Amino acid sequence: LCSLCWLQTQYEARDDLELTFQPPPSPHFQATDHKTPLPQGVRTGTVMRIRGVVPEQAGRFHINLLCSEEQGADAALHFNPRLDTSEVVFNTKEQGKWGREERGSGIPFQRGLPFEVLIIATEEGYKAVVGDDEYLHFQHRMPPGRVRLVEVGGDVQLHSVKIF
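Note that full-length UniProt numbering numbers the sequence shown so that position 62 is 62, with each residue one more than the last.
None of these hints come from the bench; they were simulated from the model.
Don't take every hint at face value.
[Said to hold, decoys possible] Derived CB-CB ranges, DEER-like: (1) 141 / 70: 13 to 21 Å; (2) 40 / 116: 19 to 27 Å; (3) 56 / 123: 36 to 44 Å; (4) 72 / 145: 17 to 25 Å; (5) 140 / 56: 21 to 29 Å; (6) 123 / 100: 17 to 25 Å.
[To be verified] Below, a list of computed lysine to aspartate or glutamate pairs in the DMTMM-like style, where the Cα atoms sit at most 25 Å apart: (7) 35 / 69; (8) 97 / 70; (9) 162 / 151; (10) 35 / 151; (11) 162 / 69; (12) 162 / 74; (13) 35 / 56; (14) 97 / 124; (15) 97 / 56; (16) 162 / 132.
Owing to the predicted nature of the structure, the values given are computational and were not obtained by experimental measurement.
A virtual CB, placed ideally from N, CA and C, is assigned to each residue, including glycine.
With the hints as constraints, model all of the structure from the sequences given.
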C-alpha cells in the first residue's frame, strides 16, 4: 500500500479483481507506478479495465503487461500514450530488449480529462479500446500465459484497475 493513495480491493463471486485508487486531495501531482497482480495470468477473454485522469502537465504514461515483478521484467505489452509527441506507442520487451514499435492513429487522450482503457486478450493479440472506440489490435509476440501483472505508471492519476 503506497503512502500516496488509498487502496480498496474487492473480490467478487466471478473471481473479478478491482483495485480502486483514490489519491489524497492535493494540488500537486506525483507520478507513481501501480501494480495489479494477475494470479490466474492472462487468457483469451481476459479484460483489463483501467480508468484515470491525464494530468494537465502530463507528458507520457504507460500500461504494461509484465511477466514478473522483477526489475526489467519482460513486457508482453507496452501501451504508451505520449502526449508530448501526440502518439501512442505499442511494443514488447523481451530479455531486456525492446521490439519493433507500432503506433496507433492519433492520440485519443487529452490533458485534464478522464479516460477509460480496455485491454482485451484475444487469440491473436490484445485489443486496445479507448472510451467507446477500438484503437488498435496488437498481435501477440509472446505467450499471454506468461503475464503476471498489470503496471500503470508515468504521468497519470489512476482511479481503478479491474480485471474480469
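Comparing the hints with the structure gives:
| no. | hint | result |
| --- | --- | --- |
| 1 | 141 / 70: 13 to 21 Å | holds, 19 Å |
| 2 | 40 / 116: 19 to 27 Å | holds, 23 Å |
| 3 | 56 / 123: 36 to 44 Å | holds, 39 Å |
| 4 | 72 / 145: 17 to 25 Å | holds, 20 Å |
| 5 | 140 / 56: 21 to 29 Å | violated, 36 Å |
| 6 | 123 / 100: 17 to 25 Å | holds, 21 Å |
| 7 | 35 / 69 | holds, 9 Å |
| 8 | 97 / 70 | holds, 15 Å |
| 9 | 162 / 151 | holds, 12 Å |
| 10 | 35 / 151 | holds, 4 Å |
| 11 | 162 / 69 | holds, 19 Å |
| 12 | 162 / 74 | holds, 22 Å |
| 13 | 35 / 56 | holds, 23 Å |
| 14 | 97 / 124 | holds, 22 Å |
| 15 | 97 / 56 | violated, 32 Å |
| 16 | 162 / 132 | holds, 17 Å |
Checked against the numbered hints given earlier, the structure breaks hints 5 and 15 and satisfies all the rest.
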